[in-house]
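Take the sequence shown: its position 252, counted from the start at 1, is 252 in UniProt numbering, and no numbers get skipped.
The reader is advised that the hints may include incorrect statements.
Unchecked claim - Label-pair restraints from in silico Cβ distances:
1) Q462 with E395: 48 to 56 Å
2) L63 with E98: 18 to 26 Å
3) P574 with G485: 18 to 26 Å
What the hints assert, rightly or not - Below are the SDA-like pairs computed for lysine to any residue, each with C-alpha atoms no more than 25 Å apart in a straight line:
4) K54 with N19
5) K54 with R69
6) K54 with F27
7) K54 with Q146
8) K54 with W20
9) K54 with R94
10) K54 with H90
11) K54 with P30
12) K54 with V113
13) K54 with R22
14) K54 with R21
15) K54 with V112
16) K54 with R23
17) K54 with L75
18) K54 with V31
19) K54 with A43
20) K54 with A7
21) K54 with G11
Rather than coming from a laboratory, the hints here were simulated on the basis of the structure.
We put the beta carbon where it would ideally sit given N, CA and C, even for glycine.
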Amino acid sequence: MTSGDIARLAGVGRAAVSNWRRRFGDFPGPVGGTASSPLFSLAEVEAWLRAQGKLEELPEDELLWQQVRNSADDLRLLSLVSRLAAAVAHRRLRTLLEAGDAEIADALPDLVVGDEDVPLIRAAAALAEVRGPEETVEFLYTRYAQAHARRVQAVSPEVADLMAAFVEPRAAEVFDPSCGHGGLLIAAGDPGAVRAVGQERDGDAARLAGARLAVRGITADIRRGDALTGDAFPLLQADAVLCSPPFSERGWGYEELAGDPRWQYGLPPRGESELAWVQHCLAHARPGGQVIVLMPPAAAGRRSGRRIRSRFIRTGALRAIVALPPGSAPQSAMPPHLWLLRRPDDGDPIPTHVLMIDATESRDSAVPAWRSFVEDPRRETAGSRAVPVIDLLDEDVDLTPARHLARPAAVAGGVGRTVDELLAAVAELTRLLPSVTETPHRPLVAVPLSELARTGALSVVQTPGRMETGRGELALLTAEDLILGRAATGRGADGPGLVVAGPGDVVVPATGRAPAAAVVEEETALGPHLLLIRPDPGSFDPHFVAGFLRASAARAAGSAPSASRPDARRMRLPRLPLAEQRRYGQLFRELDLFADALRRTGEAGELLRGLVLDGLVDGDLRPDPSG
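Please work from the sequences and hints to get the whole structure.
Here it is as structure tokens:
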């Protein structure tokens, strides 16, 4: 169990647990984990808490969770949680519990895959008898999300409720093609009135989403698969489609989907995966049906997507854009947008206006503004403006709400806020300026990985070239995941040849062609065509290794012939003292943060330029007389 688990067990804050570890010499020592995230024995902690009078009775839910954590490592935790949730949601669970373990295993072959599963199912069912199935399933989901906070990117309940509030009451079928753990479908679902349909790449996440919907009495059909490259519902036309798609995916299927009939508004550019998701959603809405998509702010103004945005406007598909507060999207800290669209029906008149809503200060005004616009497209409310279509169809087709809510107070406020954001981003950029010293050219003496492996300074393991990555209970990190910097999306099974990376290991593509290298933070199963590098902690700093390998791969990609496929094991690492390596490693990490701050600065600067330009042209801004 973690320090956070101990805190919840004792009903105190995490700071109290840290204080106990410092003050009491008999506090149980770690039995695993890392120095920054230690793991403790449940039995030892429970005994210590009882001896100190800090624990009278172990809560049933905590006891269940610790049994779950002790039965599955990080690689298998989602699989186990999803199977327990599905068992709790099973309509025949009470009847099955009267049977023996073997009968339960036979009746639930997809949910019982290990010897400990049936006792855990019984424990989860016992908790459900006391707390109820819905609360039990939510408890399991919440604890999993807390245990993997950096891996779980779920839309907040507040944003999910807002998106669902835009759905018309008569909608009887709601679809989410990237449903994750089911948050949007839960928000839009209505037991007995709304049928929820969803698709999710991760099979375990899809099963968990189905369980969360089932215990609420919502009729649902959730299937596994990538909705863009493997559409599980090709004939579906729902009343409403809600979606929070992955942002900025370059591997969304551009090449293989070039001639797909879903692209009625134009082939999405390679770097505009969000426009592919919007068109997928439109293709699965009935004529006249609604589409509500959470989008990155850059999608409203990128030049590469202006033709598709223009088609959305010209056909009447795009009806409104809502600017949300910062932090509303799990994929990005930048203030996201909601795109409200409607699939055009034959004979529909083309709308003359598109509604722009500023909800960056409060989300409460967004839905009333939208409903007022639906009643009268020319009516304006505080924080919103109905923009004539003709004003949007210029060379840029920039649909950023701040650019079109251009009235004196609104422009001044928008400029002021954007200036503050830009100054904050510049300050962060300045703070992260690389701290380096110019020296006379002195080439570093580097040694190939293969030679370092022979001396024992590190070990190198290549994953199999052929592996099943489409199904299985384990999440697999693929080469594409590594290159795109995203969490594992492959699926595989445990067995001979499986390579598992641990904290401090470095993973690179086996060919060395792509400039990618990552330091692993928690146990991760690896897919095909990857190279695991495990440095000896006394010889190499992992961030030093990852930084030099990434830079070497970038140079190789830029200089080698296109047909060349260099072997990553021939890459070289400098031999430097460990203390100096750590300084390099820290600088490599700071450069990654610098690149992110540079991107945010550019986005804020571009937005400010557009706001000031529009304000000057419209007469809402004047040059400062003081200069």
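For each hint, the structure was consulted:
A beta carbon spacing of about 50 Å between Q462 and E395 agrees with the range 48 to 56 Å that was offered as a hint. Between L63 and E98 the CB atoms are about 23 Å apart, so this pair conforms to the stated range of 18 to 26 Å. As the Cβ distance of P574 to G485 is approximately 25 Å, the hint placing it in 18 to 26 Å holds. Between K54 and N19, the direct Cα distance comes to roughly 14 Å. Compliance with the 25 Å bound is thereby established for this hinted pair.
Annotation: proposed proximity of K54 to R69 holds, straight-line Cα distance about 22 Å (limit 25 Å). Using a Cα cut-off of 25 Å, the hinted pair K54 and F27 holds, with the two alpha carbons roughly 13 Å apart. For the hint pairing K54 with Q146, the CA-to-CA distance comes to about 23 Å; that is within 25 Å, so the pair holds. For the hint pairing K54 with W20, the CA-to-CA distance comes to about 11 Å; that is within 25 Å, so the pair holds.
Using a Cα cut-off of 25 Å, the hinted pair K54 and R94 is violated, with the two alpha carbons roughly 35 Å apart. About 37 Å separates the Cα atoms of K54 and H90, which puts this hinted pair outside 25 Å; it is violated. A C-alpha spacing of about 19 Å is found between K54 and P30, which places the hinted pair at or below 25 Å, so the restraint holds. Between K54 and V113, the direct Cα distance comes to roughly 37 Å. Violation of the 25 Å bound is thereby established for this hinted pair.
Of the supplied pair hints, the one linking K54 and R22 holds, its CA atoms being roughly 17 Å apart against a limit of 25 Å. A C-alpha spacing of about 14 Å is found between K54 and R21, which places the hinted pair at or below 25 Å, so the restraint holds. With a C-alpha separation of about 36 Å, the suggested pairing of K54 with V112 is violated against the 25 Å cut-off. Taking the CA atoms of K54 and R23, the gap is near 15 Å; set against the 25 Å cutoff, the hint holds.
Restraint check for K54 and L75: the C-alpha separation of about 32 Å exceeds 25 Å, so the hint is violated. Distance hint between K54 and V31 is fulfilled; the C-alpha atoms sit about 21 Å from each other, no more than 25 Å. Among the hinted pairs, K54 with A43 is consistent with the structure: their alpha-carbon atoms are about 15 Å apart, no more than 25 Å. A distance of roughly 11 Å separates the Cα atoms of K54 and A7; the hinted pair therefore holds under the 25 Å criterion.
For the given pair, K54 sits about 9 Å from G11 by alpha-carbon distance, which is consistent with the 25 Å threshold.
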